[in-house]
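Chains as they are written, first to last, in numbering that gives the first Met the number 0: chain A, 0 to 310; chain B, 0 to 291.
Keep in mind that the hints were calculated from the coordinates and are not lab data.
Some hints here could point you the wrong way.
Claimed, not checked - Here are a few chain A residues that sit away from chain B, every Cβ distance over 10 Å (derived from the structure):
no.	residue
1	Asp73
2	Val109
3	Glu214
Stated by the list, open to error - Cβ-Cβ distance ranges computed for the label pairs, FRET-style:
no.	chain 1	residue 1	chain 2	residue 2	range
4	A	Glu87	B	Gln235	32 to 40 Å
5	B	Thr26	A	Leu58	54 to 62 Å
6	B	Gln16	A	Gln253	49 to 57 Å
7	B	Leu191	A	Thr206	33 to 41 Å
8	A	Pro13	B	Gln235	30 to 38 Å
9	B	Arg126	A	Arg224	32 to 40 Å
10	A	Leu223	B	Gln16	36 to 44 Å
11	B	Thr26	A	Tyr62	31 to 39 Å
12	A	Gln253	B	Arg199	54 to 62 Å
13	B	Arg126	A	Lys45	37 to 45 Å
14	B	Leu191	A	Asp73	18 to 26 Å
15	A	His71	B	Leu191	53 to 61 Å
16	B	Ile120	A	Trp1	49 to 57 Å
Note that beta-carbon positions come from the ideal geometry of N, C-alpha and C, so glycine has one too.
Single-letter residue listing:
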Amino acid sequence: MWRFIASRLLQAVPVLITVVTLTFFLVRFAPGGPFDGEKTVLPEVKRALEAQYRLDQPLWSQYLSYWGDLLHGDFGPSFRYPGRSVNELIAAGLPATTELAFYALLVAVVVGMGAGLAAALRPNSWRDYLPMALAMIGICMPTLLLGPLLVLVFGIELEWLPVSGWGDLPGDKILPSLTLGAAYAAYVARLTRGGMLEVLSQDYIRTARAKGLPEAVIIGKHALRGGVIPVVAFLGPAFAGLLCGSFVVETVFQIPGLGRLFVQAAFNRDYTMILGSTVFFAVLIVVFNLASDLLAAWLNPRVRGALRGQS
Amino acid sequence: MTEPVDATQEQGTSLWQDAWWRLRRNTLAVLSACLLLVMALACIAGPWLSPYGYEEQNLLLGAAPPSAVHWLGTDGFGRDLLTRILYGGRISLMVGLIATGVALCIGVTWGAVAGYCGGRIDAVLMRIVDILYALPFMIFVVLLMVVFGRNLLLLFFALGAVEWLTMARIMRGQVQALTQQEFVEAALSLGLSQRVILFRHLVPNALGPLIVYTTLTIPSVMLLEAFISFIGLGIQPPQSSWGSLIADGVETMEEYPWLLIYPGLALSVTLFALNFLGDGLRDALDVRAAKD
C-alpha cells in the first residue's frame, strides 16, 4: 500500500516540474509586460518595479529563484496588486471556490446516485428512461448556458432566488451549486446505473437472492458497495475538475473565487498570479486523483488484495 | 468503408456493413445525423442567402423581438440574430472539426508509433501522455490564448493540442492488440515496410474506436471554444461564435431573452446531436469504454 502511494507521489514530480516550466516560459514569452498597461509609469519607476520583481535578471536565474521560492511554499508577490502576495490572493479566493465545489459535488452525488439507482433498479421502464434522458440533457447542456437560464427562470422571472453573489443573501448559493453540479450529477447517474446493473447481474447477488435476503439488504449492503466503485473513481478527478472548472459559474454569478481570480490574472498579465494558480490547480488535480485512486482501490477487494501482496 | 464494391460482391457482411445496419436502426442516431447535416448546410449557406450581413447594423431598429422580417429578432445593434447565429455556427463547427482533426492527427500518430514500436519508445511516449494528462487543460487554453493573442488559427491548435491525449491512448491500445494478429505477421513475412504496415494495415483496423471517440471529442471541443469565447478570450467582435453570442445574450437577458435563448438552443441542440450520434456509433461499432 505504502509503495503504491509512494510511487503515485513520485509520478507527480515530473507533472509538477512540467507544469511549472511550461507555464513559466509561456507566460514570460508573452508580448506585453505587466507594467505596460499603466499610463503614468515613469521609466525609473518601471525599472525599480522590475528590479523589485527580479524582472531585470536573466531568465534562467528568475526561473531558478522561482523554484526556490516555490519549494518554500511561496508563490511570490502579485504583479497586479502591489503589496499582496499570490498566496494571499489564492487564500482569499479559495474558500468560496472550495465551498462551491463541495456543494456542487453534493448535488452531483445525491441527485446523481439517486437517479442512477432508481434507473438501475427498474431498467427499461420510465423510471429508467426519465432519469437517463435528464442525464443526457445534463451532460450536453453547457454550464455557460445552464447558469444564465437558471438565473433567467428562478432569479428574474419567478424571483425565487438571488441572481448573483456568494453568501450575501440567503439562498444565493443554490443556483451556482446546481449549475456547477448538474453535469457531474448526470455523469454520476450514468456511472451508478452502469455499475449497479453490472453488479446486479453477478452470481453473488443471485446467491443473496436465493438465500432469501430482503431486497433492501441486497441492494444496500451487497450491491451498492461494488456498484459505486466507478462513481468513486470518478469523484476525485471530478472534485478537482469542479475546483478548476468553476470559471464560468464564478463569472456568471459573480462569485469572488479562484476561477475568477485566474481569469482576471490572465487578462491583467499578472505573471506570478497566473503561475501560482496554475501550479496550485495542478497540485490539486494530482492530490485528488491520488485520493480517489486510493479510495477506489480500498473499495475493491481484488485491488485491495493485490496492493497488500505488493507491499 | 474502405472498399464498398468488394463488400457487396461477397456474401458475408463486413464489420462496416454490420455497423451501418445497426446504426440505421438507431432512430435517435439517424435523426441526430440528419439534424447535424441540416445545421451544417444552414451554417454554410445561410449567411449567403440571408438578406442581412452578420455585422450589418441597424441602430434605429435596436433590439427587436422575433418578427416576420427578422425571424429570430435582432441584437442591441440591430443586427439580424439568425444571420449571426448561422455565421457563428460556421465558426463553432469549424473549430470543432479542425481542432478535433488536429487532435486526431497528433493522437493517432503518437499512439500508433508508441503501440507499434513498444519497448523504450513506448514507455517514453506514454509517460509524456501521462504527464500531460495531469495538467489543467482549461487553464492552458486560457493561457495560450492570452500569451499568443486572440487568433482563430491558434484557437484551433490550442484546443487540438489539449484533446489528443485520449486519442493517443486509444490508438496505442488498438495497435498493441492488432500487432498480435496473424495478418500483421503475414504482412511482415511479405516483406512490407514498417511504415506501410503501420499506416496501411494497423491504422485502418483501429478506426472503429477512433471514429467513436472523434465524434465525442467534437462536442467537447466546441464546448471548450464556447467557454473561451464566453469569458472573452476567443472570437473577437464583430465576428461571432455560439459561445460569444451566448455571452452577449447573458448581458441583456433580462430585457432581450431571445438573444440568449436562440444561440443557446443552436449550441445545445448541436451538442445533443453529436453526443447521440457518438453513442449510436459506439453501439453500432461495438466499442466499449470510449467515452470515459
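Q) Do the Cβ positions of histidine 71(A) and leucine 191(B) conform to the proposed distance bound of 53 to 61 Å? A) holds (58 Å)
Q) Cβ-Cβ distance between isoleucine 120(B) and tryptophan 1(A): within 49 to 57 Å? A) Violated - the Cβ-Cβ distance for isoleucine 120(B) and tryptophan 1(A), about 32 Å, lies outside 49 to 57 Å.
Q. Far enough from chain B: is every CB of that chain over 10 Å from the CB of valine 109(A)?
A. holds (21 Å)
Q. Between proline 13(A) and glutamine 235(B), does the C-beta distance stay in 30 to 38 Å?
A. Taking Cβ atoms as reference, proline 13(A) and glutamine 235(B) lie about 37 Å apart, which means the hint holds.
Q) Do the Cβ positions of threonine 26(B) and leucine 58(A) conform to the proposed distance bound of 54 to 62 Å? A) holds (59 Å)
Q) So is glutamate 214(A) really clear of chain B, every C-beta pair being over 10 Å apart? A) Per Cβ check, glutamate 214(A) is outside 10 Å of chain B; nearest 29 Å; holds.
Q. Has the hinted range 37 to 45 Å been met by the Cβ atoms of arginine 126(B) and lysine 45(A)?
A. holds (43 Å)
Q: State, for the Cβ atoms of glutamine 16(B) and glutamine 253(A), whether the hinted interval 49 to 57 Å holds or is violated.
A: holds (55 Å)
Q: Given the hint of 32 to 40 Å, check if glutamate 87(A) and glutamine 235(B) actually sit that far apart at their C-beta atoms.
A: For glutamate 87(A) and glutamine 235(B) the Cβ distance comes to about 33 Å; the hint holds.
Q. Taking the minimum C-beta separation from aspartate 73(A) to chain B, is that value above 10 Å?
A. holds (21 Å)
Q: Determine whether the Cβ-Cβ distance between leucine 191(B) and aspartate 73(A) falls within the hinted range of 18 to 26 Å.
A: violated (58 Å)
Q.
If I claimed the Cβ atoms of leucine 223(A) and glutamine 16(B) lie 36 to 44 Å apart, would that claim hold in this structure?
A. Holds - the Cβ-Cβ distance for leucine 223(A) and glutamine 16(B), about 42 Å, lies within 36 to 44 Å.
The earlier numbered hints that this structure contradicts are 7, 11, 14 and 16.
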